[in-house]
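Protein chains in written order, with my numbering: chain A, 1 to 268; chain B, 1 to 286; chain C, 1 to 348.
Do not rely on the hints blindly, as some may be mistaken.
What the hints assert, rightly or not - Some chain A residues well away from chain C (every beta-carbon gap over 10 Å; in silico):
1) A46
2) G48
3) V73
4) R85
5) P104
6) A119
7) E140
Unchecked claim - Each pair of labels, with its calculated beta carbon distance range:
8) B/G62 x A/P64: 39 to 45 Å
9) B/R116 x A/D83: 57 to 63 Å
10) A/T100 x C/E12: 54 to 60 Å
11) B/R169 x A/G120: 26 to 32 Å
12) A/V73 x C/E12: 56 to 62 Å
13) C/D317 x B/R116: 51 to 57 Å
Claimed, not checked - Example chain C residues on the side facing chain A (calculated, C-beta under 8 Å, incomplete):
14) G136
15) R141
16) D227
17) F228
18) F231
19) A234
20) Q235
21) R249
Quick caveat, the hints were computed from the structure, so don't treat them as lab data.
Ideal Cβ positions, reconstructed from N, Cα and C, are used throughout, including at glycine.
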Amino acid sequence: MTRLQIEDLTVSFVQYERGLRRRVVPGLAGMDLDVAPGEVVALVGASGAGKSLLAHAVLGLLPPNAVESGRVVVDGFEAAPADRRRFAGRDVVLLPQSVTYLDPVAPVGRQIRRAARLAGLADPAAAAASALHRRGLGAEVLGRYPHELSGGMARRVLVAMALLGRPRIIIADEPTPGLQQESAEAVLDELRARADDGCGVVLITHDLVAALPVSDRIVICEEGRTVDVAAPQDFTGDGERLRHPYTRALWRALPANGLRLPAVGEVA
Amino acid sequence: MTTAETVVSGAALRLPDRRRRTLWWIASALVVVAAVVVAGTAAVDTAQATSLTERNLAPSWGHPFGTDRLGRDVLARTLAGLRLSLVVGTLAALVSAAIAVVLACAAAVFGGIVDRIVCWLVDAFLALPHLVLLILLAFALGGGTHAVVVAVALTHWPTLTRVLRGQARQVVGSDYVAIARGLGSSAPAIAAGHLARHLLGHVVVGTVLLFPHAILHEAALSFLGLGVDPAEPSIGVLLAESMRYLTAGAWWLALLPGLCLLIVVKLVDTIGENARALVDPRSVHL
Amino acid sequence: MLTTVLASLLAEIARRILRLVLLLAAVAVASFVLMVNSPVDPISVYVGADIAAIGPQQRALIAERWGFNDPPLERFGAWLGNLLQGDLGYSLTFNQPVGEVIAQRFLTSLALMAVAWLLSGVIGFGLGLLAGVHRGRTLDRVVTWWAYTLASAPTFWVGLLLLYVFSVWLGWTPLCCAVPVGVVADEVDLLDRIHHLLLPAVTLSIVGVAPVVLHTRQAVVEAMESDFVAFARAQGESTSGLVLHRVLRNAAAPALLLQFSSWGELFGGSVLAEQVFSYPGLGAATTQAALAQDVPLLLGIALFTTVFVFVGNQLGDLVHAWVDPRVRRPRLTAGRGVRARALAEEAA
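Put together the whole structure using the sequences plus the hints.
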């Protein structure tokens, strides 16, 4: 039994370009992913590979001009987009990536309390205060507006909002970039701890190195397609234990590994 | 991510092709507007012909829009009035667009004090209600058709100037203009070269969208008695005359000419909005 | 800290007042130049229908008395001098000082404009919200089409139709004026006034609704596509919850700003609506002044409406700042530290 199973998920968009010619823009070209309870699965790929789109598809957040095919199974239940909307917030939560995911005209406290109510908590006010406190933020943050937060504070507020309840699946969309080392580690440790409690965690990131210590498996995607699954311990040395050439190229391109750019033809 | 033109079936794709629909709208609106101008020109004489035996008649087959207190055919008067509206609208839109282009380009190219003067001028012209400004101008010019045309033409440029100035500043601020300047091109040469190409679409759309405002303002001034000579058939004059016979139940005098004006204004607006969709497709996504 | 805030506030107020003074000066000079160069003969205007009975000597006397022969600059100086003392001149049309005419007439118009303004704001915001939330569906198409059609409709024509249907045909509303004809002012009760106000106000609001609808719809569409609405949906927020907790406030700021900056259009509309319904407000007075070539009154109205539009814009800015915390609470000096730290974190 898996927490989340995604099979051959494709998403494309209908768009109009200059001159109003209609185009179909492919977003996801075939994503496969599964997460068991207690697992952190990292979804790694270059930006534009469709990682965030996958998160939005799983939560049923795609815009009306999106066309979708494939299967999304949540705890053994095959979920159509409408079902995914029902799961969103309580069973499946999103940990978004930047301050733009906070309402610019509402105080932080009001937004957290609303999230707590939606997560089904009994005392939203108390939950909001304690969620901030646990992440090292004082009660004065409740009265602030998003534009008055630093980048790190905004990220901690987002973590507090996303992880208020007891979700079964957490989809973390680039939760660490831009954070200082210790804050980033705190976020990743919290995700690891949630997984150890039985959650399934999908960690979407382009930062392979940061993902390795906390992940159970690494799924590599390229141009809207998942191309490889590897174990974290395979990422050692020159990458000789990695099977897929794109995965190997990603690993070798890291600064610590010599910043070698893949030669033409090496990437399939 | 790659883009490709493919045909995919699915719920979201059951839309008519927007490009074709847009072009169809523009073409048919243009045909109707042209037909109004031709019919209006042909109806000028009929519009003034009085017939004392056929006064204040309700619409019939002989007079689809009825007749007025002097037995003049309201349909002919409406067509002649619409033609006048379109002429005033065209003149006003062209003059205003020309002013807007010159001011916006000057502001963007020369910047500094010129830019501030242009912005202040725009603010100053928007400082009092547009209709009050029109009334002042029409009054100062002594009233009559020429006064309305001048007043309407001279007051519709501020908003378009604001839009074009923003666009022009983007072009001037872009890298390749800096390069052109570095290579020794003078400021006016830069304006001629780059701005013309980038602003053309916005100018065309902006000009078409000025049209409806200009037409409605001409009608308003004429309705108030401050515009077109009452002897000339203008929609505003027709509606002002209709007011006196409204209590007597002559609804056709007001309803049909006004409706025709609305349709013509909406047609021109449709042309403008559809042209905008061609220039800036983001504005019409779903 | 508090003193710097106070100082910057005072500086801002001073800056805006200076702006108004500059605008008023520009409007005064421009209007005066227009009036002086008008081909209208001021003496025949002053004398009216008896012009034929007046000889050249009397003409010269009148010109002397009213200063029509002085150089324009001198006349402008005299007018400006009186203006600065609060004297806007004398309206021959109403046989009253211009200041009094404007004050009385504006109060009458105010009731009309306030009702229309509130109606168009509330209805426009509601319809724009509906259309924006149901973007692309039939409801949106109908509302948008209707708004665009209204934007193309002449105000006075809408007024004429309403007048015909409700006053002539159904007889529900009066045919003209602000109070019943032939009734002493003291005996007019509030109900009568409202009865007379109804149709002109509805006319004015019907036409004013269109821009509010289209603007609100745009703001709602933008909010619905935003990241923060996506996150709220990810938390399981329903569509009505999204509207109530996220979209409403975000769309309110631009809608309010537009509604306050539309006072110029509102006054223009009232000129036309008052003409249709013979409603004795400032709008009708503007038309009468222009038709009767009452120059002092026209100049007074030009200056007054400039202030009116300016006040609307300033209120719009205030309300916008009140609704949008990014405007109300920009990061001051203390906030810079936060921002610097945020940037440092980003760079790390």
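Identify every previously stated hint that the structure contradicts and give their numbers, smallest first. 4, 5, 6, 8, 10, 11, 13, 15
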